[in-house]
Amino acid sequence: MSTIIKILGTGCPKCQKMTQLVEEVVKENHIDAQIIKVEDIMDIMQYNVLSTPVLVIDEQITVKGRVPTKAEIVELLN
Amino acid sequence: MQPAKEICPTTTFNKVKNGALLVDVRRKAEVDDIRFDVPAYLHIPLSELENRLDEIPRDREVIFVCRSGSRSLRATYFLMNAGYENVYNMKDGIIKWAAKGFPVKGNKTALYTIGDSCDCSDPDCC
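Listed in order, the protein sequences are those of chains Z and X. Numbering of the first sequence is given in our numbering, commencing with residue 1 and proceeding in unit increments. Numbering of the second sequence is given in our numbering, commencing with residue 1 and proceeding in unit increments.
Hints listed in this document are in silico derivations from the structure and should not be mistaken for laboratory results. All figures in this text were calculated on a predicted structure; none of them were measured in a lab. We treat Cβ as the ideally placed atom computed from N, Cα and C, and that holds for glycine. Misleading hints may appear alongside valid ones.
Stated by the list, open to error - Distance windows between CB atoms, simulated: (1) Z/4 with X/82: 42 to 52 Å; (2) X/18 with Z/4: 25 to 35 Å; (3) Z/30 with X/109: 51 to 61 Å; (4) Z/10 with X/29: 34 to 44 Å; (5) Z/39 with X/81: 10 to 20 Å; (6) X/2 with Z/2: 51 to 61 Å; (7) Z/78 with X/28: 32 to 42 Å.
Claimed, not checked - Simulated pairs of lysine to aspartate or glutamate, EDC-like, Cα-Cα distance not exceeding 20 Å: (8) Z/17 with Z/72; (9) X/91 with Z/40; (10) X/5 with Z/43; (11) Z/64 with X/92; (12) X/108 with X/50; (13) X/91 with X/61; (14) X/5 with X/92; (15) X/91 with Z/43; (16) X/17 with X/48; (17) Z/37 with Z/59; (18) X/5 with Z/40; (19) Z/27 with Z/75; (20) Z/64 with X/50; (21) Z/27 with Z/40; (22) Z/17 with Z/40; (23) Z/6 with Z/72; (24) X/108 with X/33; (25) Z/6 with Z/58; (26) X/91 with Z/39; (27) X/96 with X/6; (28) Z/17 with Z/39.
Claimed, not checked - Covered stretches of chain X, as calculated for chain Z (at least 3 residues, CB under 8 Å): (29) 45-51; (30) 67-75.
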């Protein structure tokens with residue numbers, strides 16, 4: 001089953017950077033994943049987070065309020 | 001989840017006159033430049049909100065404010081998630097509040113020195 005990766009953020013540069021890095025990691029490592037960008041504030045606040053971007057993997061919050069490194073994303077997805 | 005209750009600066013001003021508490025979630029440096037000049041005022045940066053929730057009364061109307069209304073909207077939802085009922089977001093932030101002529105202390109030009117598209121170098125920013 002595909003991993004569901006959600007990136008929560010309102011479209012700021014840090015959120016775009018996280019999306020770009022996640023897309024690169026998924027592609028480079030041939031990971032079976034679906035990437036979903038969540039930009040609506042009400043949808044974001046379902047996760048009760050005050051700072052974005054947030055990386056949610058299979059409904060678990062893994063990173064919030066910062067852009068992780070690619071190595072960190074790889075580790076989180078393995 | 002219910003949508004947050006959002007109000008304009010005029011309604012905010014009237015509510016504050018009637019006892020509501022204004023909670024400003026901007027960074028300290030922003031507040032040092034310019035702040036809301038109302039008596040019932042509390043400054044809790046967004047980054048500290050989670051740890052300072054107990055400072056916010058549950059038995060009083062609370063209105064969250066920030067620079068443009070975006071951070072304060074998150075704060076509003078955060079309190080709603082924590083079970084607060086009398087909580088509002090003031091739309092358009094201190095920019096609109098000051099533009100409408102409501103009381104502020106400080107330098108109004110500080111409000112316009114950052115563009116709407118921030119550089120997101122601050123953890124509180126977005």
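Hint-by-hint comparison with the structure:
Between residue 4 of chain Z and residue 82 of chain X the CB atoms are about 27 Å apart, so this pair departs from the stated range of 42 to 52 Å. About 46 Å separates the C-beta atoms of residue 18 of chain X and residue 4 of chain Z, a value inconsistent with the hinted range of 25 to 35 Å. In this structure the hint that residue 30 of chain Z and residue 109 of chain X lie 51 to 61 Å apart at CB holds, the actual value being about 53 Å. Checked against the hint of 34 to 44 Å, the C-beta distance between residue 10 of chain Z and residue 29 of chain X comes to roughly 22 Å, which is inconsistent with it.
At about 19 Å, the CB distance of residue 39 of chain Z to residue 81 of chain X agrees with the hint of 10 to 20 Å. A hinted range of 51 to 61 Å for the beta carbons of residue 2 of chain X and residue 2 of chain Z is inconsistent with their spacing of about 32 Å. Taking the beta carbon of each, residue 78 of chain Z and residue 28 of chain X are about 40 Å apart, inside 32 to 42 Å as hinted. As the CA atoms of residue 17 of chain Z and residue 72 of chain Z are separated by approximately 14 Å, the hinted pair is consistent with the 20 Å bound.
Simply put, residue 91 of chain X and residue 40 of chain Z have alpha-carbon atoms about 16 Å apart, close enough for the 20 Å limit, and the pair holds. Only pairs whose Cα atoms come within 20 Å are accepted, and residue 5 of chain X paired with residue 43 of chain Z is accepted, the gap being roughly 16 Å. Among the hinted pairs, residue 64 of chain Z with residue 92 of chain X is inconsistent with the structure: their alpha-carbon atoms are about 25 Å apart, more than 20 Å. Simply put, residue 108 of chain X and residue 50 of chain X have alpha-carbon atoms about 29 Å apart, too far for the 20 Å limit, and the pair is violated.
As the CA atoms of residue 91 of chain X and residue 61 of chain X are separated by approximately 16 Å, the hinted pair is consistent with the 20 Å bound. Between residue 5 of chain X and residue 92 of chain X, the direct Cα distance comes to roughly 14 Å. Compliance with the 20 Å bound is thereby established for this hinted pair. With a C-alpha separation of about 19 Å, the suggested pair residue 91 of chain X and residue 43 of chain Z falls inside the 20 Å cut-off, and the hint holds. Between residue 17 of chain X and residue 48 of chain X, the direct Cα distance comes to roughly 27 Å. Violation of the 20 Å bound is thereby established for this hinted pair.
For a cut-off of 20 Å, the pair hint linking residue 37 of chain Z to residue 59 of chain Z stands: about 13 Å separates their Cα positions. The hinted pair formed by residue 5 of chain X and residue 40 of chain Z meets the criterion: a straight-line CA distance of about 16 Å does not exceed 20 Å. Proposed proximity of residue 27 of chain Z and residue 75 of chain Z is supported: the alpha carbons are some 15 Å apart, at most 20 Å. Of the supplied pair hints, the one linking residue 64 of chain Z and residue 50 of chain X holds, its CA atoms being roughly 14 Å apart against a limit of 20 Å.
Distance check on the hinted pair: residue 27 of chain Z and residue 40 of chain Z sit about 26 Å apart at the alpha-carbon level, beyond 20 Å; violated. Between residue 17 of chain Z and residue 40 of chain Z the alpha-carbon distance is near 18 Å, which keeps this suggested pair within the 20 Å criterion. With a C-alpha separation of about 16 Å, the suggested pairing of residue 6 of chain Z with residue 72 of chain Z holds against the 20 Å cut-off. This hinted pair checks out: residue 108 of chain X and residue 33 of chain X have alpha carbons roughly 8 Å apart, not beyond 20 Å.
Our distance criterion of 20 Å between C-alpha atoms is met by residue 6 of chain Z and residue 58 of chain Z, whose separation comes to about 8 Å. For the suggested pair residue 91 of chain X and residue 39 of chain Z, the alpha carbons sit about 18 Å apart, so the restraint of at most 20 Å is met. For the hint linking residue 96 of chain X to residue 6 of chain X, the alpha-carbon distance of about 14 Å falls within 20 Å, and the restraint holds. The straight-line distance between the Cα atoms of residue 17 of chain Z and residue 39 of chain Z is roughly 14 Å, inside the 20 Å bound, and the hint therefore holds.
With a cut-off of 8 Å between beta carbons, the region 45-51 of chain X has 4 residues touching chain Z; three or more are needed, and the interface restraint holds. Taking a C-beta to C-beta cut-off of 8 Å, the region 67-75 of chain X contributes 4 residues in contact with chain Z, enough for the three needed, and the coverage statement holds.
Of the numbered hints stated above, those contradicted by the structure are hints 1, 2, 4, 6, 11, 12, 16 and 21, listed in ascending order.
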